[in-house]
Structure formats: C-alpha cells, structure tokens
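Trainee: Sequence:
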Amino acid sequence: MSEVLWRPPADVRQRTRIGGYLAWLERTRGLRFADYQQLWQWSVDDLAGFWGSVWDYFEVVGHQPAEQVLADGRMPGARWFPGARLNYAEHVLRAPGLAEDAPVVIAHSQTRAPVTLTVAQLRDEVRRVRAGLRRLGVGPGDRVAAYAPNIPETYVLMLATASLGAIFSSCAPEFGTRSVTDRWQQIEPTVLVAVDGYRYGDKAVDRRAEVAAIADALPSARHRVLIPYLSAVADPAELPWATSTWSALAAPTDEPLAFDAVPFDQPLYVLYSSGTTGLPKPIVHRHGGILLEHLKMLALHHDLGPGDRFFWFTTTGWMMWNYLASGPAVGAAIVLFDGNPAVRAAPGGPASPDLGTLWRLAAETGATYFGTSAPFLLACRKEGLVPRQIADLSRLRGVGSTGAPLPAEGFTWVYRSVGEDLQLTSLSGGTDVCTGFVGGVPLLPVRAGEIACRCLGARVEARAADGRPVVGELGELVITEPMPSMPVGFWNDPDGSRYRQAYFDRYPGVWCHGDWITIAEHGACAITGRSDATLNRGGVRLGTAEFYSVVEALPEVADSLVIHLEDPQGGAGELLLFVALRAGVGLDDALRTRIVRELRSALSPRHVPDGIHQVAAVPRTLSGKKLEVPVKKILTGVPAGQAAAAGALTDPAALAPFIRFAEDRGTAVG
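Each step along the sequence shown adds one to the number in numbering that gives the first Met the number 0, with nothing skipped, and position 295 is 294.
Watch out, some of these pointers could steer you wrong.
Think about it this way: if two alpha-carbon atoms lie no more than 27 Å apart in a straight line, the pair counts; the simulated DSS-like pairs of lysine-lysine are [claimed, not checked]:
| no. | residue 1 | residue 2 |
| --- | --- | --- |
| 1 | Lys624 | Lys381 |
| 2 | Lys624 | Lys202 |
| 3 | Lys381 | Lys202 |
Here are the computed distance ranges between Cβ atoms for each label pair [unchecked claim]:
| no. | residue 1 | residue 2 | range |
| --- | --- | --- | --- |
| 4 | Ala571 | Gly29 | 35 to 45 Å |
| 5 | Gly61 | Thr411 | 37 to 47 Å |
| 6 | Val114 | Glu573 | 48 to 58 Å |
| 7 | Gly29 | Asp71 | 22 to 32 Å |
| 8 | Gly29 | Arg359 | 41 to 51 Å |
| 9 | Leu278 | Val60 | 29 to 39 Å |
| 10 | Pro218 | Arg596 | 28 to 38 Å |
| 11 | Glu254 | Glu472 | 51 to 61 Å |
| 12 | Gly72 | Gly19 | 39 to 49 Å |
| 13 | Glu565 | Asp663 | 17 to 27 Å |
| 14 | Pro444 | Ala250 | 51 to 61 Å |
| 15 | Thr411 | Ala652 | 27 to 37 Å |
If you're looking for bench data, these hints aren't it; they were derived computationally from the structure. In this text, a Cβ means the ideal position worked out from N, Cα and C, and glycines have one as well.
Assemble the whole structure, with the sequences as input and the hints as a guide.
Mentor: Structure follows, in structure tokens:
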C-alpha cells in the first residue's frame, strides 16, 4: 500500500453525510456495516435495496410511485423505477437545508462583474425562463441548445428546460462551428440560445460569425435567442440570426413555477463523446438516473450539503458542468467560473500569467470543495505554486481531481501545498454515465497515487485478456451490473446498435468502459490509461498514465504523448515519445539521456522509447484529453481528416508535426 496522506477522523460517522446514511440504514432497514467495503458489497449485491434506499433517504419527490426499483437488470436495457414520475429540476430547486435568501449560485467571470443568486432569485429566474420557453412552444421532448459559457444564464436555461420535460444540450463557445453542428444537427433543437462572445483572460473572443453559421446549419432552430455577454448589444436587429434576446425570454410574468412530472427515463440532457474520430456520440441521460446518481455521489462520496460551496473548474462542454449543476440538490451552493484559469484578469483589465487564479477564487467565494483536473494540479506543482500561501483556503474541506489519472506526486503536492486536513478525491468515470465509477469516500484514508474505492452501486471489475476477473493485476475496466445513470441510449439509434457497439460488443451483457484498471485486495484502484491506447511491448501491457507521470515530472517537459506502433510479426514494435518543452528549451542529447534514465529507473527498460521527438504542442480534445489513438492512426497511415476531426481539438495545428512525421516515414496517406 502507498503512503497514507489523510485519515478519516475518529468521529467520521457522526460528522459526515455517509455516516448519517449508515445510521439511517441501521435505524430503518436493520442493516449494519462494519466498514466501507461491506457497504459497497451490499450496494452491488442488492441493487434494488441500495437504489431504493437512495430514493428514500434523500426523500425524492415521486409524483407517481414506482412499481418496483429494478424491473429488468439486463444490460443494455435495464428498467429502473418503472411507473415513477418526477422532475430533476424540482429537486435541484428544492435546495434542501438552504434558506430563501441564502446564496446558491456564485458566478465569477473575466467578461463581467460577479453575479450571485439566492435560492429565491434562482427559482424566480427559472420561473420566468420556463414561461418564456413555453411562449416559444417548448414542451416535453423538445430540444433546447445553449452555445454559452459557464454562467448563470446557462444554468437557469438548463433547469427551465428540464422543468418542462424538454431536453437540454450545451456546447462551450470555444467550440468551432463544425464541432457544434456535428452535435446539434443530430438532435435538431427547436431553440438556440447563444452568446455574442466572451473574454478569455483579457482577450475578447467575438463569436457572432460562428453563431450565424451555426444558426444557418440548424433549420430546426426556429427560435434563436441572444445573450449579450461580450458586449452590451441587446438589439437582435444588429445580429440577423437572432430572433429574440435573453431579457425577452426571461421577461416578467405572473406564470407560477411548476414542474412537469415526467417518467423516470424521460431524457434530461444530451452529452457528447469527444468526436475526435467521427461524429460525436449523442449520449442521452435520463431525469431519474442522473438525479439518484448525483445525490449519491455529491452527498455520500463528496460529503456535500447545506453550508458547502461547491466549485469545479469546467466548461459547459464537459460533463463536469452537469455534475456541478446538481450541487443544490444536496443543499450545496455552486461556484461558477468563466475565463482563463491560468491568468489573472479582471473584466476589462490587463491579464498576467497566474496559476493561482482559481485558488484565489476559492478563497474569495468561500469554497469548501475545489474540483479541477489532474493536469491543472500537476501544472501548479511544476510551477512551484503553494496555494495556501497565496490564498486563505481555511474553509476548504475537499479537493477533487479528474480528467486524467493523478500520480502519487500530485497527491503529495496537494497535501503539502494546499492543506493537510482535506480529503483529496481522485475520480474516474465519464461522459457516458455523467459520474465517477471509482473515487473517494470520507470513510477511507487517502493514499498517494490511489483511487480510494469503487463507488457505491458501481460493480467495477478488472478483466484479464481471457475475460477472467482479476485482483491485483492490470485489466480492462468493466461494470457487470447496471447503474441508473447509464444512458437511455444514443439519439437517433432506434435499434440500439450504436449503443451496444460502444459498450457491450466485447463482453455481451457487460459494460466495457475502455480504461485499464488495477483493483487492489483492499479495494483501492489505479487507472493507467485508455485500453485502446495501450503500450504492449513483448506481451507486457504498459499504461500511458504512469509513463506521463515520469516524463512530465522533468522541469523541461511541459507535455508529452507516447505512442506504441505494434509489430505485425509479434515483435516489440516501436515506442515513440513526443515532448512539448518549456519556452527556451530544446531537445538535445543530454535531455534525451535524462528522459531515458528516468523512465528506466522509475518504470522499467520496456518503457524506454525507441525515439524521442520534440513538438510544439500535444494535441488535445476540447475537454483536455490527449489524442493518443488519433495520432497513432495518423502514424500508421490513416488520413488525418479521418483520424481526427479538427473541430474537436483545442488546437488543430498541433496535429501538423505528426502528419509531417508520418510523411517523412512514408506512412502518411492523403
């Protein structure tokens, strides 16, 4: 076992929400569990008992009761809570434990001054926007699309849409036209709501041309609403694509706030896969499944409740925005941020590089939970940043990390530089389920480099190449029992063939997620990269995550990408390392030697690359994922246009060196 960095306090069951849940289970169900492992085992052995208890414990409002909890446990197609009718937005706006005048949305932006909404104000804004959508004819099943950043208007729009039983979909405004239309042409929204632009640091980004092109490509969007965010323009006549403005949509009205009681499986929102290798998969999530899953995760695993201020750095194009959005359902206020997290800038003021921006935001807003990505934490570490020295983080009780595996040195940095008494959770899951399969829980210690547990209700296993479940060995991450937040399906996939192909083709009846995982005897986990990007040298599988943790620890290396090209004859193949270096640093023989030495000593001789090459930047998706598989395809002769969709990348030009590399090797096609 790794070094223990944090231990639960002796009275953890008296002071945490999961402790309260355990006491409730004993009092109302006669169930007593000695430790987390026993609780987890019950949660996956008795799915109906566990998920039924989540419904009851959190007092879910069912306008019509369920006939049973789980009518059919087969995957795909599990039937949860048949007959039940409810509404996700009703539970978010219930904001249990918060007074009417308590802040529930605290929004900071590099485009405009901060905005705070109380519970009463949030409910009123949702009421007015719901009425505005009704005036546009929006009803159950209609799609409402938001090309808007992480600001209160987007949040209000999502809740108003959900309150009507309509379906929400968002794209962050940094997405290019093609990326947006690839997503929304599939779902054919009736209403398009968009900003005119935004500021990223002190840079003004005008998106009026992009919105006009998106509107032209979406003939289904009869109503197109402008949010004048970058400028004070409020007259839609100045923007021919707009038919109305946000102020008109949210106009005063006497219409009361109401919630359409919809079936448990009613689509709530559509999220999308990255779309790097084809059309993004439109993943349809349901009201009931998302509600129950987020109640469980936010309260029982993250220990969020009344008095908490929950922050996760995200854009509206990443599932973590949807995860953050559920905070008020457990009584936690949410903190929104729109802008560049690596610069310090005030609206209209100059910007300067500063990785302390989000930490100062946490202090200013009184955040008790700080969520971010593993690359951000590692970047702070590499800069030598000590957040507790630049910001008052005394209220912080939890730090969350996701988006990539967090190596041991990242854990150690958090406890040395952020705080000693907080619970650090490394979380891994995905857009596919809009949650984490594996993460942390207040009942368990935090160990360097380990994901503390498999989450309640998630029967996660590791499978060897022959399909056997394994413990203590690297295996394919699978889920062998259904979860309520598994998608209803994909949009416009009437026979479910795309859905089955995505998750169930390899192991029929078992969800195959596409990650490598090692599950220890004591229940902790380690994710070591995507299984479709595995480095397989001489029959030994090597995860990419451990590779990056060594290479990117070197001060000269800003980012890296490792690709393994297999030998068709069964040999070791070719292992190629591409490094993006810090400004002013060049790749010379001395640096190559250091990289090789570090990999050999920290990992093994098998990890030593056959070639090390410098690139200007590592290509990433808009949600920050490295393009391991698309780059591998390019290097093996797949035309670049087929290997990766440029509109899905933060910087399409970052692919150019890999195309040239393939051309020089004679493997490029087209």
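Trainee: Taking the hints in turn, state whether each one holds.
Mentor: Structure-based check of all given hints:
1. Lys624 with Lys381: 19 Å, holds
2. Lys624 with Lys202: 24 Å, holds
3. Lys381 with Lys202: Answer holds: Lys381 to Lys202 is near 25 Å, not above 27 Å.
4. Ala571 with Gly29: 35 to 45 Å: 58 Å, violated
5. Gly61 with Thr411: 37 to 47 Å: 46 Å, holds
6. Val114 with Glu573: 48 to 58 Å: At 53 Å between Cβs, range holds.
7. Gly29 with Asp71: 22 to 32 Å: 28 Å, holds
8. Gly29 with Arg359: 41 to 51 Å: 49 Å, holds
9. Leu278 with Val60: 29 to 39 Å: 37 Å, holds
10. Pro218 with Arg596: 28 to 38 Å: 60 Å, violated
11. Glu254 with Glu472: 51 to 61 Å: Once the Cβ atoms are compared, 59 Å apart, the range 51 to 61 Å for Glu472 and Glu254 holds.
12. Gly72 with Gly19: 39 to 49 Å: 29 Å, violated
13. Glu565 with Asp663: 17 to 27 Å: 20 Å, holds
14. Pro444 with Ala250: 51 to 61 Å: 53 Å, holds
15. Thr411 with Ala652: 27 to 37 Å: 35 Å, holds
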